[in-house]
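*Asks:* What follows is the residue order along each chain.
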Amino acid sequence: MKTTRPRSHRLRGFTKILLFLLPSLVLFFGLVVAPILLAFYASVFKWNGMRGLPTDFIGMTNFTRLLADEVFLGDLWRGLLLIIFSVAIQLPLSLGIAMLLNQKIHGRAFFRLLFFAPYVLSEAITAVLFMMILKPTDGLANYILGWFGIDPLDWFADPSTVMMSLFIVMTWKYFGFHMILYIAGRQGIPKELTEAAQIDGATGWKTFRYVTLPLLGPTIRISVFLSVIGAIQLFDLVWIITGGGPSHSSETMAVTMFQFGFKRFQVGYASAISVVMFFISLVFALFYQRYVMRRDLEGASTVLGDQR
Amino acid sequence: MSAIRRRHSPTSGGPLRSLSLHAIVVITALFVGIPLLYGVLGGFKTTRQLSSNPIGLPDPWVPENYTGVLASGSFWRMLWNSTYIATLTTLIVVAVSALAAFVFARFAFRGREALFTMFAAGLMFPFAVAILPLFVLLRMFGLLDNPLGVILPQAAFGMPMTIIILRGFFRAIPGEIEEAAILDGCSSFGFFWRILLPMARPAIATVSVLAVVNSWNQFMLPLVVFSDDSLSTIPLGVQQFQGQYSTDVAKVMAYIVVAMLPALGFYAVAERQLVSGLTAGAVKG
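Protein sequence lines, in the order shown, are assigned to chains B and Y. With the numbering used here applied, the first sequence covers 86 to 393. With the numbering used here applied, the second sequence covers 997 to 1281.
Hints were generated in silico from the structure; no laboratory data involved. Quick reminder that beta carbons are idealized off the backbone N, C-alpha and C, glycines included. Be a bit skeptical, because a hint or two may be false.
[To be verified] From chain B, some residues computed to sit far from chain Y (all C-beta separations above 12 Å):
{"id": "1", "residue": "M145"}
{"id": "2", "residue": "A153"}
{"id": "3", "residue": "L158"}
[Said to hold, decoys possible] Restraint ranges, calculated between C-beta atoms of paired labels, are given here:
{"id": "4", "chain 1": "B", "residue 1": "L298", "chain 2": "Y", "residue 2": "E1109", "range": "28 to 38 Å"}
{"id": "5", "chain 1": "Y", "residue 1": "L1026", "chain 2": "B", "residue 2": "L298", "range": "24 to 34 Å"}
{"id": "6", "chain 1": "B", "residue 1": "N133", "chain 2": "Y", "residue 2": "S1048", "range": "49 to 59 Å"}
{"id": "7", "chain 1": "B", "residue 1": "L367", "chain 2": "Y", "residue 2": "N1049", "range": "46 to 56 Å"}
{"id": "8", "chain 1": "B", "residue 1": "E277", "chain 2": "Y", "residue 2": "G1064", "range": "50 to 60 Å"}
{"id": "9", "chain 1": "Y", "residue 1": "W1057", "chain 2": "B", "residue 2": "A119", "range": "52 to 62 Å"}
{"id": "10", "chain 1": "Y", "residue 1": "E1060", "chain 2": "B", "residue 2": "Y126", "range": "46 to 56 Å"}
{"id": "11", "chain 1": "Y", "residue 1": "N1049", "chain 2": "B", "residue 2": "I169", "range": "35 to 45 Å"}
{"id": "12", "chain 1": "B", "residue 1": "G159", "chain 2": "Y", "residue 2": "G1052", "range": "34 to 44 Å"}
{"id": "13", "chain 1": "B", "residue 1": "L138", "chain 2": "Y", "residue 2": "W1189", "range": "36 to 46 Å"}
{"id": "14", "chain 1": "Y", "residue 1": "L1179", "chain 2": "B", "residue 2": "G192", "range": "51 to 61 Å"}
Extracted from the complex, chain Y is given alone in its bound form:
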C-alpha cells in the first residue's frame, strides 16, 4: 500500500510522515466539522444544557426546538420565498445570458469584443458598490417590497459570469453543425433553440446551479429591498430570528440547522456542477 502511494504521490514519505499529513487533514476536518456538529446537537439540547454540557450528547434529547421550527408557518413561507426568488432569478439570468453568449460566440460584428469586455468587466465590481444607488433606482421604479426588486438585480449581476461560461461552451460547438442546420432551413433562433441549447445542457446546468446558490445566499439585496416580513428570504429570517431569540441559544441553533438543510441537500445533489462552474468561472473570469 505504501509503496503504491509513494509511486503515485510526490510528497509522501515514510509512515511517520504520512501519519503527520493525515493528522493535518483530520485537524482541519475537526475545525470544519465541529461547528456543524455542535449546531446539530445543540438544537437537541435546552439552552441550560448547552452551557453546562456544550460538547457532549444531549441528555435528555429535546426535539422541541426542531419541531417548533418545522411547525412555524413563517419558516415555510421563507423557504417558499427563497425558492421562488432563486428559481425566477435563475430562469432570467440563464435565458438572457444564453442569448447574449450565443451572439458573442457565433456572430462576427464590429464592436463585439468591446461589448463582451464591458460585460466581463461587470465581474470585477462587488455588489456592495452598487447597492445604495440600486436602492434609489428600485424605489424610483416602484420595485421595493416586490420580489422583482431582488430578482432583476440578481439576474443583472449574475450575467457576466454566466455569459463568460456559456460563451466558452457555445464556441466549442463545431461550425459544421450550424451550417448543416442553416442549409436545412433553420433560422438563427431555431438553431439556438433547437440545437445549441440542447447540446449545451451540461453548461446550462452548471450556470444554473451557480445562479441558484448565489441567489439562495444573497443577504444584502433582500435586506434593503424587503421591509415587509412576509417577503423575507431564509438569510433574512435567520438574522431576524437570532435578533429575536438571542438568549435562547438552543432554539436559534435548531433554527439555523433547519435553515442549512435545503442548501446542503442541494449541494449533495449538484456538487459536480457547482465545482465545475466555480473553477470554470474563476479561470475564465
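Next up, chain B with everything else stripped away, as it sits in the complex:
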C-alpha cells in the first residue's frame, strides 16, 4: 500500500460524490444534453429521420433555406407579437389584479383560487374548451357579442383574428400564474415601507408608483422572462386548436419544427429549426441575465424572500 491516507481519503470522498451524482448525470446527459447535441449534428444533413445516423452532409443549406422561408420568418414575427401582447396586456392585468387582491376585498381567497385554477388545467383541455367557446357561428363568445350588437367573428378560422383569439386563450390560462408571482412579490415587501410613504403624505397611486412598483422589479423581470421563454416554445395550444392554420397564420417555431420533423420527415431541416430555437433561448437568457436581471441575481432578490 503506497497511497498515503489523505489521498485514499480524498479518493473515497470523490467516489462518494460520484455515486450521489451518477443518476442525475446519466439522466441529464442522456436525455437533455445528448438530444441537443444530436439536433446540432442532424441540422447539417439532409435526412428523412430513418434508422441509423444521417449521411447526406449538406453544410449550412438547412439554415440558409430556413432564413429564406416565409413561414419561418412569420414564426419569428408571431412569436414577437405574442411577447409584446404578453408584456403590454397580460402582465399589467396580472399585476393590477394582484394589487387588488392584496387588499381586503370580500372573497379574495376565492378570487385568487379561481384566477389561478386555469393554470392547473392542461393545455389540451384549455384548447378544446376554447375551440367550443370561440366556435365561428354559434359559439358562446359570438352569442355574448350579439348582446352588444357586434357581428359574429370567425375567431380561429380567420387569419386576421386567429392570433388575437390565441392570445385570449393564453391570457385566460396564464395570467393567474403571473398574478400569483406578483402576489408573492407584494407580500414580500415590508409593510413599514408603504406605511412610511403614506405617513409622508403619498397618495395611493404615488405609493404604488414610487414604492411598490420599484420593489416589485425583480418579480416583474422574472415574469417577463417566463413569458418570453413560454412564447418561444408555444406548441400545445396552437397544435390542438389550429395546427398552425389557417394557411400558417398562427404557426409558431415549435409547430413548424413539428410539422417538418414528424409529418413531412425532413428531420434535418426540422433539426435546424430546433437549433435556432436553442440559440434564441440561449442568447435571450444570457442577455437577459447579464443585463436585465444582473442585480437580482447578486443576492438582492429579497423581494420574494423565502416562500417555503
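Using the hints provided, position chain Y relative to the given structure of chain B.
*Replies:* For chain Y alone, coordinates are given in the frame of chain B:
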C-alpha cells in the same frame, strides 16, 4: 370598515373608487369563470340545446353525456396511465434530484459550481427544442410505445428546477446537525436518508406537487412517443376525443369537464405546495 381598509391598503380611495376596483375583479372573475361554467352546464345539455340556449340552465338536464364518459373503459384507462406516469416520474425526479441537491448543498469539491450551473442552465431550454432528437434517441433505445419513454425524459427535464429548490432547502439545514450525526457514527448516506430527507419534507412535498402537475399536463412527449392508443394519457385522450366527436359539442364538453376533475381536485388539496413551488422556482431559477 372603509376606514380600516384605507389604513391597510395604499391604493383604496373613496367608496366609488373601491366599487370600480371591485368591478374589475368581478369582470375578471366572469372572464375566468364563465368558460368553466359553460363547460359544466354544456355537458348537461344536448348539442341542439347548446346552440339554441348557450348560456341558460339546461332544460331538460341531460346526464347521459357525463354518464357515458364515466362508463367508458377508455377514460379510466387513460386516468390510470396518467396516474402511473405522473407517480413514477415524480418518484424518479425527486429521488435523483435529492441526491444531487445533497451533494451541491453539503459537499465542497472543485467544479461544483460549474456542474450546478450546467444543471441550472437546463431550465432555460424549452422542451420543444429537444423533442425531435429525443424522439430519435428514444427510438434507438427502443423506448417508443413504452411508458418509460415518457417518464425518463420528463424526469430529466424536471431535474433542474427540482435540484435548485431542494439545494436551497438543504443548505438551510444547520451544519451542527450533520456534525452531530457524523459523530454518532452516521454515514453520509445515512445522514441524507435518515435526517436530511425527513427534515426536508415540506420541500419534498413542494417539488413533488410540481412534478405531478407538469407530468399530468404534458402533451408533446406522449404525443410523439405513444402511437398505441391503450397507452394514451388524459391530454392525448382529450385531443383524440375532440377529433372523433367534433360535431357533438355537448359530448366533448362533458368529456373535458370530467377530465378536468382530477387536476382540480389535486389543486384543491395541494394548492399551497404548488404556489410555493412555483414562486420559489421562479425566483431561484
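*Asks:* Next step is simple, just say for each hint if it's right about the structure.
*Replies:* Hints, verified against the model:
1. M145: 19 Å, holds
2. A153: 21 Å, holds
3. L158: 18 Å, holds
4. B:L298 with Y:E1109: 28 to 38 Å: 34 Å, holds
5. Y:L1026 with B:L298: 24 to 34 Å: 27 Å, holds
6. B:N133 with Y:S1048: 49 to 59 Å: 51 Å, holds
7. B:L367 with Y:N1049: 46 to 56 Å: 52 Å, holds
8. B:E277 with Y:G1064: 50 to 60 Å: The hint (50 to 60 Å, Cβ to Cβ) holds, given that B:E277 and Y:G1064 are roughly 59 Å apart.
9. Y:W1057 with B:A119: 52 to 62 Å: 54 Å, holds
10. Y:E1060 with B:Y126: 46 to 56 Å: 54 Å Cβ-Cβ, so the 46 to 56 Å window holds.
11. Y:N1049 with B:I169: 35 to 45 Å: 39 Å, holds
12. B:G159 with Y:G1052: 34 to 44 Å: 42 Å, holds
13. B:L138 with Y:W1189: 36 to 46 Å: Taking Cβ atoms as reference, B:L138 and Y:W1189 lie about 42 Å apart, which means the hint holds.
14. Y:L1179 with B:G192: 51 to 61 Å: Given a distance of about 54 Å, which is inside 51 to 61 Å, the answer is holds.
Of the hints listed earlier, there is not a single one the structure fails to meet.
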